[in-house]
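With the sequences and hints as input, model every part of the structure.
Residue 273 in UniProt numbering sits at position 273 of the sequence shown; the count goes up by one each step and never skips.
Don't read these hints as lab results, they were simulated from the structure.
Incorrect hints may have been included.
DSS-like mimics (lysine-lysine), calculated; alpha carbons at most 25 Å apart, straight line [claimed, not checked]:
1. K291 x K177
2. K235 x K291
3. K137 x K75
4. K174 x K235
5. K174 x K231
6. K101 x K272
7. K101 x K17
8. K75 x K17
9. K174 x K188
10. K188 x K101
11. K177 x K231
12. K235 x K177
Taking CB as the label site, the calculated pair distances span [unchecked claim]:
13. E68 x K291: 19 to 27 Å
14. Y45 x R2: 17 to 25 Å
15. A87 x V171: 26 to 34 Å
16. D130 x S186: 52 to 60 Å
17. K137 x R69: 42 to 50 Å
18. S280 x F242: 36 to 44 Å
19. E141 x D67: 19 to 27 Å
20. L129 x S186: 37 to 45 Å
21. M1 x F249: 44 to 52 Å
22. L21 x H238: 32 to 40 Å
23. E141 x A271: 19 to 27 Å
24. G117 x P48: 41 to 49 Å
Nothing here was measured: the structure is a model prediction, and the numbers come from that model.
All residues carry an ideal CB built from backbone N, CA and C; glycine is no exception.
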Amino acid sequence: MRILITGGTGFLGGALKQFLLTQGHEVVILSRSGGDFQWDVSYGYIDPAAFEGVDAIVHLAGAGIADERWSAARKRELINSRVRSTAVLYQALSTIPHTIKTVVSASAIGFYGADTGEQECVETSSAGLDFLADCTKQWEEAVDQIATLGIRLAKVRIGLVMGTAGGIFPVISKPIKYYVGANLGSGKQWQSWIHITDLVRIFNELLINSSLSGVYNGVAPEPIRAGEMNKQIAKALHRPFFLPSIPGFLLRLVLGEMACLVLGGSRVSSAKFEKDAAFSFTFVRFDEALKELVHV
Numbered sequence: 001m002r003i004l005i006t007g008g009t010g011f012l013g014g015a016l017k018q019f020l021l022t023q024g025h026e027v028v029i030l031s032r033s034g035g036d037f038q039w040d041v042s043y044g045y046i047d048p049a050a051f052e053g054v055d056a057i058v059h060l061a062g063a064g065i066a067d068e069r070w071s072a073a074r075k076r077e078l079i080n081s082r083v084r085s086t087a088v089l090y091q092a093l094s095t096i097p098h099t100i101k102t103v104v105s106a107s108a109i110g111f112y113g114a115d116t117g118e119q120e121c122v123e124t125s126s127a128g129l130d131f132l133a134d135c136t137k138q139w140e141e142a143v144d145q146i147a148t149l150g151i152r153l154a155k156v157r158i159g160l161v162m163g164t165a166g167g168i169f170p171v172i173s174k175p176i177k178y179y180v181g182a183n184l185g186s187g188k189q190w191q192s193w194i195h196i197t198d199l200v201r202i203f204n205e206l207l208i209n210s211s212l213s214g215v216y217n218g219v220a221p222e223p224i225r226a227g228e229m230n231k232q233i234a235k236a237l238h239r240p241f242f243l244p245s246i247p248g249f250l251l252r253l254v255l256g257e258m259a260c261l262v263l264g265g266s267r268v269s270s271a272k273f274e275k276d277a278a279f280s281f282t283f284v285r286f287d288e289a290l291k292e293l294v295h296v
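Structure follows, in structure tokens:
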């Protein structure tokens with residue numbers, strides 16, 4: 001297939017492009033700059049040539065949730081970067097002649113809320129009530145409009161992405177590597193993670209399997225508590241892990257509302273995708289993923 005990736009210049013987009021090429025697909029990138037085709041979301045513009053010969057779109061566009069502190073302006077930017085880019089894509093698909101049959105869109109497990117405690121979240125679980133959930137819900141509602149055009153639509157609620165070249169792993173392993181690792185908050189928070197290898201395989205499966213549509217959780221089958229994750233990383237890096245936990249009130253003081261990203265957690269199920277796609281994960285447990293992530 002000829003596949004167009006929006007916002008494809010980041011870590012996930014780059015990894016996905018490389019994997020799709022190995023599967024024999026042709027891949028083109030739509031981005032503000034640096035891609036094969038340009039778009040300007042603020043002006044509602046997409047180069048119409050971007051759609052020529054395209055069979056499917058992977059929609060990844062959106063500002064980074066953890067890149068900046070959540071001021072009121074930043075919150076608006078986080079929502080608008082997702083909702084407006086999707087609206088621009090929808091408008092283009094409504095008006096520009098094309099041959100696109102499938103759209104696979106990124107979403108996030110933040111849909112369920114930043115902290116869901118011990119509850120297991122499945123695709124039919126209700127949305128959370130915090131900012132993270134509101135942002136993701138608005139994003140998904142915008143994406144759902146694409147299905148009204150008769151295009152097969154699938155959404156991937158992505159967990160914590162583990163890779164050596166990007167995602168969350170370099171961030172959480174760096175302090176441990178330099179002997180200053182500590183649990184953030186209680187350490188009992190559930191972390192629903194996924195190795196980048198499995199995540200790109202999920203996107204590929206959704207692109208090629210016409211029987212799959214709707215929402216799927218993009219997480220590994222076995223979530224892990226934050227404290228145990230840190231211990232396993234320390235062991236893999238041959239580092240001690242002895243510093244006291246950093247209390248939640250201190251993290252809230254430093255990070256503000258964004259502290260929920262490190263103090264919260266969610267236990268998310270991958271069972272629906274495993275069943276519907278007859279999918280087997282390469283990395284089921286975190287210790288299996290660590291063997292690939294850590295080279296010491």
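Each hint tested on the structure:
1. Of the supplied pair hints, the one linking K291 and K177 holds, its CA atoms being roughly 16 Å apart against a limit of 25 Å.
2. Of the supplied pair hints, the one linking K235 and K291 holds, its CA atoms being roughly 11 Å apart against a limit of 25 Å.
3. Note on K137 and K75: the hinted pairing holds, with a Cα-Cα distance of about 14 Å set against a maximum of 25 Å.
4. Between K174 and K235, the direct Cα distance comes to roughly 14 Å. Compliance with the 25 Å bound is thereby established for this hinted pair.
5. Taking the CA atoms of K174 and K231, the gap is about 13 Å. The hint holds against a cut of 25 Å.
6. Between K101 and K272 the CA atoms are separated by roughly 23 Å; this keeps the pair inside 25 Å, and the hint holds.
7. Only pairs whose Cα atoms come within 25 Å are accepted, and K101 paired with K17 is accepted, the gap being roughly 19 Å.
8. A threshold of 25 Å between alpha carbons decides the hint, and for K75 with K17 the separation of about 29 Å lies outside it, so the pair is violated.
9. Restraint check for K174 and K188: the C-alpha separation of about 20 Å stays at or below 25 Å, so the hint holds.
10. Annotation: proposed proximity of K188 to K101 is violated, straight-line Cα distance about 43 Å (limit 25 Å).
11. Between K177 and K231, the direct Cα distance comes to roughly 12 Å. Compliance with the 25 Å bound is thereby established for this hinted pair.
12. Taking the CA atoms of K235 and K177, the gap is near 10 Å; set against the 25 Å cutoff, the hint holds.
13. Between E68 and K291 the Cβ separation comes to about 34 Å, which falls outside the hinted range of 19 to 27 Å.
14. At about 21 Å, the beta-carbon gap between Y45 and R2 stays in the expected band of 17 to 25 Å.
15. At roughly 31 Å, the beta carbons of A87 and V171 sit within the given window of 26 to 34 Å.
16. For the pair D130 and S186, the supplied restraint of 52 to 60 Å is violated, since their beta-carbon distance comes to about 18 Å.
17. One distance hint, 42 to 50 Å for the beta-carbon pair K137 and R69, is violated here, with the actual separation near 22 Å.
18. At roughly 38 Å, the beta carbons of S280 and F242 sit within the given window of 36 to 44 Å.
19. Distance hint check for E141 and D67: the Cβ-Cβ separation is about 23 Å, which falls inside the suggested range of 19 to 27 Å.
20. The hinted range of 37 to 45 Å is not satisfied by L129 and S186, whose Cβ atoms lie roughly 21 Å apart.
21. The beta-carbon spacing between M1 and F249, approximately 51 Å, falls within the hinted interval of 44 to 52 Å.
22. At roughly 36 Å, the beta carbons of L21 and H238 sit within the given window of 32 to 40 Å.
23. The hinted window of 19 to 27 Å between E141 and A271 holds, with their beta carbons roughly 25 Å apart.
24. A hinted range of 41 to 49 Å for the beta carbons of G117 and P48 is consistent with their spacing of about 47 Å.
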